[in-house]
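Following the hints, position chain H against chain S.
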Amino acid sequence: KAGVTQTPRYLIKTRGQQVTLSCSPISGHRSVSWYQQTPGQGLQFLFEYFSETQRNKGNFPGRFSGRQFSNSRSEMNVSTLELGDSALYLCASSLEPGQSYEQYFGPGTRLTVT
Amino acid sequence: AQRVTQPEKLLSVFKGAPVELKCNYSYSGSPELFWYVQYSRQRLQLLLRHISRESIKGFTADLNKGETSFHLKKPFAQEEDSAMYYCAPRTGGGNKLTFGTGTQLKVEL
Numbered sequence: 001k002a003g004v005t006q007t008p009r010y011l012i013k014t015r016g017q018q019v020t021l022s023c024s025p026i027s028g029h030r031s032v033s034w035y036q037q038t039p040g041q042g043l044q045f046l047f048e049y050f051s052e053t054q055r056n057k058g059n060f061p062g063r064f065s066g067r068q069f070s071n072s073r074s075e076m077n078v079s080t081l082e083l084g085d086s087a088l089y090l091c092a093s094s095l096e097p098g099q100s101y102e103q104y105f106g107p108g109t110r111l112t113v114t
Numbered sequence: 115a116q117r118v119t120q121p122e123k124l125l126s127v128f129k130g131a132p133v134e135l136k137c138n139y140s141y142s143g144s145p146e147l148f149w150y151v152q153y154s155r156q157r158l159q160l161l162l163r164h165i166s167r168e169s170i171k172g173f174t175a176d177l178n179k180g181e182t183s184f185h186l187k188k189p190f191a192q193e194e195d196s197a198m199y200y201c202a203p204r205t206g207g208g209n210k211l212t213f214g215t216g217t218q219l220k221v222e223l
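If you're matching them up, the sequences are chains S and H in order. Going by the numbering used here, the final residue of the first sequence carries number 114, and the count climbs one at a time with no gaps. Going by the numbering used here, the final residue of the second sequence carries number 223, and the count climbs one at a time with no gaps.
Bound-form chain H, shown alone:
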């Protein structure tokens, strides 16, 4: 069955510490993978996508096809990174996203 897993519901780190939010997927074919973020009282928004290979707000994510993972990383967490993060593969030709259960990141001072 096609599935995306985010094993941590809550991840708490101190400011300045490295962050890694895990995402594993189980899909046939080659899904396109995204990370979405929802800050408190704001809309769900795209953080980054694997095809862009970009760094947004210091976050990067590398697609590891062998391990079927797309972990989100940031070397030094900032207080403003506290938010809910969702991993979401997109399969097929349309816009259907299958969201993981999300990880609440809390950056403590």
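Chain S on its own, in the form it takes in the complex:
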């Protein structure tokens, strides 16, 4: 079974631009979560989607948004990019939310904002 895939793997953007990152969960998984990883702040939860609905949101500004499609694929968008948005963005999927189901992480998208 293919693992979680994220596209693109690397991205370079300029301050003020916007960016869209994509995550394809493992087949059959309906829950997708996003995390931001930086050297300074570590791994921080962004949001979680299940059945096209946002279930949970982390403490990030409104410039960060996401959505989930009917096939469970998810996208996250960051508008008006700032230098501090440079990070590795990780996506994780599981069958459903909840303690019985393991979350599987993707390889991440490395975003560099210049």
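Treat the hints as calculated values from the structure; they're not laboratory data. Treat the hints with caution; some may be incorrect.
[What the hints assert, rightly or not] Pulled from the structure, derived: some chain S residues nowhere near chain H, Cβ distances all over 12 Å:
hint	residue
1	Tyr10
2	Gln17
3	Arg55
4	Ser70
5	Glu75
6	Val113
[Stated by the list, open to error] Here are some, though not all, of the chain S residues that point toward chain H, as calculated from beta-carbon distances under 7 Å:
hint	residue
7	Ala2
8	Gly28
9	Ser33
10	Gly42
11	Leu43
12	Phe45
13	Glu52
14	Gln54
15	Asn56
16	Glu102
17	Gln103
18	Phe105
The structure displayed is predicted, hence computed values, not measured ones. Virtual Cβ for every residue (Gly too), placed ideally from N, Cα, C.
Relative to chain S, chain H alone:
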């Protein structure tokens, strides 16, 4: 405030020595606790969870509610254990994980 603390950024041990990676949490209620591991050039992956009470790759972790700790232990470190280890409580009904800052374990020969 809800918080998870991993006090050691780097832990260096010799092969065959015991390993203990510390994790303390401060959460109301009863969080579910996990250890995740990231080997060099690999994805973040689940190592073990407290509800399973299992031993994975020789590692165990016991939840101590009195001390609010979930330390990860292994009696004899192996070179292949060198990796970044994250403690992560999950609270609420969803999948939100709050990761600690991580401990880089280096096993030296």
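Results of checking the hints against the structure:
Even its closest Cβ contact with chain H, about 15 Å, leaves Tyr10 of chain S beyond 12 Å, as expected for a residue assigned away from the interface. No Cβ of chain H approaches the Cβ of Gln17 of chain S within 12 Å, the least distance being about 27 Å, so the stated non-interface status holds. At roughly 5 Å, the least C-beta separation between Arg55 of chain S and chain H is not larger than 12 Å, which violates its mark as non-interface. With a closest Cβ-Cβ approach of about 19 Å to chain H, Ser70 of chain S is found to remain outside the 12 Å limit, as its non-interface label requires.
At roughly 18 Å from the closest C-beta of chain H, the C-beta of Glu75 of chain S stays outside 12 Å, upholding its exclusion from the interface. Every C-beta of chain H lies more than 12 Å from that of Val113 of chain S, the closest at about 22 Å, which supports listing it as non-interface. About 13 Å separates the beta-carbon of Ala2 of chain S from the nearest beta-carbon of chain H, more than 7 Å, and the hint is not met. With a least beta-carbon distance of about 16 Å to chain H, the hint placing Gly28 of chain S at the interface is violated under the 7 Å criterion.
For the restraint placing Ser33 of chain S at the interface with chain H, the shortest Cβ-Cβ distance is roughly 5 Å, inside the 7 Å limit, so the hint holds. A least Cβ separation of about 5 Å between Gly42 of chain S and chain H falls short of the 7 Å threshold, and the interface hint therefore holds. Taken as an interface hint, Leu43 of chain S checks out: its beta carbon lies about 4 Å from the nearest beta carbon of chain H, inside 7 Å. Of the supplied interface hints, the one on Phe45 of chain S holds, with its beta-carbon coming within about 5 Å of a beta-carbon of chain H, less than 7 Å.
A least Cβ separation of about 15 Å between Glu52 of chain S and chain H goes past the 7 Å threshold, and the interface hint is therefore violated. The interface hint given for Gln54 of chain S is broken, as the beta carbon of that residue sits about 10 Å from the closest beta carbon of chain H, more than 7 Å. For Asn56 of chain S, the interface hint holds, since its Cβ comes within 7 Å of a Cβ in chain H; the closest pair sits about 5 Å apart. Below 7 Å, beta-carbon pairs count as interface contacts, and Glu102 of chain S has one with chain H at about 5 Å; its hint therefore holds.
Taking 7 Å as the C-beta cut-off, the interface hint given for Gln103 of chain S holds, the closest approach to chain H being about 6 Å. Taking 7 Å as the C-beta cut-off, the interface hint given for Phe105 of chain S holds, the closest approach to chain H being about 4 Å.
Hints 3, 7, 8, 13 and 14 from the earlier list are contradicted by this structure; the remaining hints agree with it.
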